[in-house]
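All chains should be modelled from the sequences, with the hints used to inform the complete structure.
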Amino acid sequence: MIEPSAQRESTSDKAIVAEHLCKVFDVTRGTLRRTKTQVVAVKDVSFEVDYRELFGLVGPNGAGKTTTIKMLTTMLIPTSGKATVLGYDIQKNVTKVRERIGIVLGGERGLYTRVSAIDNMRYFADLYGVPVNIREKRIKELLEFMGLWDRARDRVETYSKGMKQRLHLARGLINDPELIFMDEPTIGLDPEIAKETRNMIKELVEKGKTILLTTHYMFEADELCRRVAIIRNGEIAALDTPSGLKYVMDTSVVEVEGFGITEKEVARFKEIPDVFSVSADLAENKQVLKIQTPKGSEIISEVQEILKNSRIYDIKIKEPTLEDAYLRLVTG
Amino acid sequence: MPQTLRVIYSAFRMAMLHWIADPQWVIPNIIAPFVFTTVALTLFKETTGPFGLYAVLGGGMMGMWGNTLYSSGFAIEFEKWQGTLEEVMAAPSKLLHVITGRAVSNALFGLTNMVAVLVIAALGFKISLGIADPLLFAVSLVLTLLSVSALGLIFASAFVLSRSAQTLTNGLEIPLYLISGSMFPIALLPFWVHPAAYVLGPTWGIDAIRLATSQEYISQTFWAGVDPKIAIAFDLAVMFLITSVYAAIATVLFKMVEKRARTTGTLVEA
Chain A
7 MIEPSAQRES
17 TSDKAIVAEH
27 LCKVFDVTRG
37 TLRRTKTQVV
47 AVKDVSFEVD
57 YRELFGLVGP
67 NGAGKTTTIK
77 MLTTMLIPTS
87 GKATVLGYDI
97 QKNVTKVRER
107 IGIVLGGERG
117 LYTRVSAIDN
127 MRYFADLYGV
137 PVNIREKRIK
147 ELLEFMGLWD
157 RARDRVETYS
167 KGMKQRLHLA
177 RGLINDPELI
187 FMDEPTIGLD
197 PEIAKETRNM
207 IKELVEKGKT
217 ILLTTHYMFE
227 ADELCRRVAI
237 IRNGEIAALD
247 TPSGLKYVMD
257 TSVVEVEGFG
267 ITEKEVARFK
277 EIPDVFSVSA
287 DLAENKQVLK
297 IQTPKGSEII
307 SEVQEILKNS
317 RIYDIKIKEP
327 TLEDAYLRLV
337 TG
Chain B
58 MPQTLRVIYS
68 AFRMAMLHWI
78 ADPQWVIPNI
88 IAPFVFTTVA
98 LTLFKETTGP
108 FGLYAVLGGG
118 MMGMWGNTLY
128 SSGFAIEFEK
138 WQGTLEEVMA
148 APSKLLHVIT
158 GRAVSNALFG
168 LTNMVAVLVI
178 AALGFKISLG
188 IADPLLFAVS
198 LVLTLLSVSA
208 LGLIFASAFV
218 LSRSAQTLTN
228 GLEIPLYLIS
238 GSMFPIALLP
248 FWVHPAAYVL
258 GPTWGIDAIR
268 LATSQEYISQ
278 TFWAGVDPKI
288 AIAFDLAVMF
298 LITSVYAAIA
308 TVLFKMVEKR
318 ARTTGTLVEA
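Protein chains in written order, with the working numbering: chain A, 7 to 338; chain B, 58 to 327.
Just so you know, the hints here were simulated from the structure itself, not pulled from any lab data. Just to be clear, a hint being listed does not mean it is correct.
[Claimed, not checked] Derived Cβ-Cβ restraints for the label pairs, each shown as a range: (1) B:Pro191 with A:Lys146: 51 to 57 Å; (2) A:Lys98 with B:Leu218: 24 to 30 Å; (3) A:Gly113 with B:Pro252: 35 to 41 Å; (4) A:Ser166 with B:Ala253: 32 to 38 Å; (5) A:Lys213 with B:Gln60: 41 to 47 Å.
[Claimed, not checked] Straight-line Cα separation of at most 20 Å, EDC-like style, residue types lysine to aspartate or glutamate; simulated pairs: (6) A:Lys98 with B:Glu315; (7) B:Lys316 with A:Asp95; (8) B:Lys316 with A:Glu114; (9) B:Lys151 with A:Asp95; (10) B:Lys137 with A:Glu114.
From the three backbone atoms N, C-alpha and C, an ideal C-beta is built for every residue, glycine too.
The following block contains the structure:
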């Protein structure tokens, strides 16, 4: 089905080129008195993804990540803007785009659970027009790669969450796509299985695949992605390499471990000029305060002053993580 | 095998696997028509004429109709409930072809009821249903099945496009049994019902099946004295034309479904 000689719309050397993508949904409110309003899911999104790149799209719920992916995978028509995927216009060459991409959605849904993994794979192989003479070989290879071959003939409803996620990955590769869209592929997985999944994603990039990944886990984006776009309110708030995003922060994180820290004291930190954010978490039998500020060690005396009635176990000055950069950019 | 046929076959196979894996779907489609037919056979066992033919074919058609209305009608919704609609719609194949495979499978499964009723009629009521022309019977049955499947496609897309279509169809099951001539000849129905009966492709298919089954049936029809083969060919030709119209309507409706899904994002949550 995939024709190597098919004409591409553009000769771009980019796997994805998104230009000012916008998606507005009409929403009907009320039962008796119906009124139509509009919800802007994606306001203005532009970015490019190189071939063989693992590109991350991160952002809070409702920021527009999934809608962006759905537009790029031709599942939604943009209200305005344009994009090419593997050189094909997403509105003019819907079938050509679909033939060449893979889609992996997170979660347990999206599989025919009453039938076996092999039957799921065969079905999608047929829907994607995988040549019959290589179908069975490819199914076996993919299920072996995902460690599912031994259970390939069992009903999917008997699979664990991790196995279902691996089957999602295998299914997303059934047409040997050049580009794979992964929407939160590790959501809900336990740490061990999530790590396994991340390793498989890395292996796919090593094998020459291009991947666009959305995730809520910043450490995951940091570990996997060459570049990350942070999307906020339907717009790209920042786009850089993970280290570039951290560098742009131009801040450090003062981490205070202590006990007896009150909400009032936390609020006082927020009043200090140049403190961008303060978060307080409980870790085992201590409290951990994270204060984001460009002042770094200069703030230590103020910390000690504010927390003079609390116990301080330790104060560390840390480089910001991608999560710190994300929080700073997303919370504004 | 051309890609379109391959997709239809694959969707047909997947639907069959689900029928086997989830037998609870079979019960309402087997038990209800089965009871209906048994009651009919019991009430009219002393009646003369091609009564057994009506009971058996009627039971089979009920199974096909029931499945078409409920299983094919909700075929797109089934994918949505299953959470697989996004994956299916994101594939390069047309949704129409996927649902066609499901609709054919549903109609075929509905026919299993005909076999059950036939067994009951033969063993329990000693009614023999000698088929006069087995080849034309088989051809008529297969083409009727395809015509019912095409109607299923219209239901499937209409259900997604309009919720009132679902409500309407809930009340359509029994009237469809009656006006399609499944249970008794259309001639017995009031004249004003006839146009509605004759725009249904399966009405012609059922007539062809009866003509192929019973030699005495033709004498009760407009075709009395004519070679049954000519009558069957006419019925099948009309059904083919009507089914082509169904297919054209279904193609347009499915385009509307896909366009709406891709514009509003309501078919699969964004």
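Hint check results:
Distance hint for Pro191 of chain B and Lys146 of chain A: a CB-CB separation of about 43 Å, inconsistent with the stated range 51 to 57 Å. For Lys98 of chain A and Leu218 of chain B, the Cβ-Cβ distance of about 25 Å falls inside the hinted range of 24 to 30 Å, so the restraint holds. Separation of Gly113 of chain A from Pro252 of chain B is about 50 Å and departs from the stated range, judged on CB atoms against 35 to 41 Å. Separated by about 53 Å at the C-beta atoms, Ser166 of chain A and Ala253 of chain B break the suggested range of 32 to 38 Å.
In this structure, Lys213 of chain A and Gln60 of chain B break the distance hint of 41 to 47 Å, their C-beta atoms being roughly 27 Å apart. Distance check on the hinted pair: Lys98 of chain A and Glu315 of chain B sit about 15 Å apart at the alpha-carbon level, within 20 Å; holds. At most 20 Å may separate the alpha-carbon atoms for a hinted pair to count; Lys316 of chain B and Asp95 of chain A meet this at roughly 17 Å. Between Lys316 of chain B and Glu114 of chain A the alpha-carbon distance is near 27 Å, which puts this suggested pair outside the 20 Å criterion.
The hinted pair formed by Lys151 of chain B and Asp95 of chain A meets the criterion: a straight-line CA distance of about 19 Å does not exceed 20 Å. For the proposed pair Lys137 of chain B and Glu114 of chain A, the alpha carbon gap of about 14 Å is at most 20 Å, so the pair holds.
Hint violations for this structure: numbers 1, 3, 4, 5, 8, all remaining hints satisfied.
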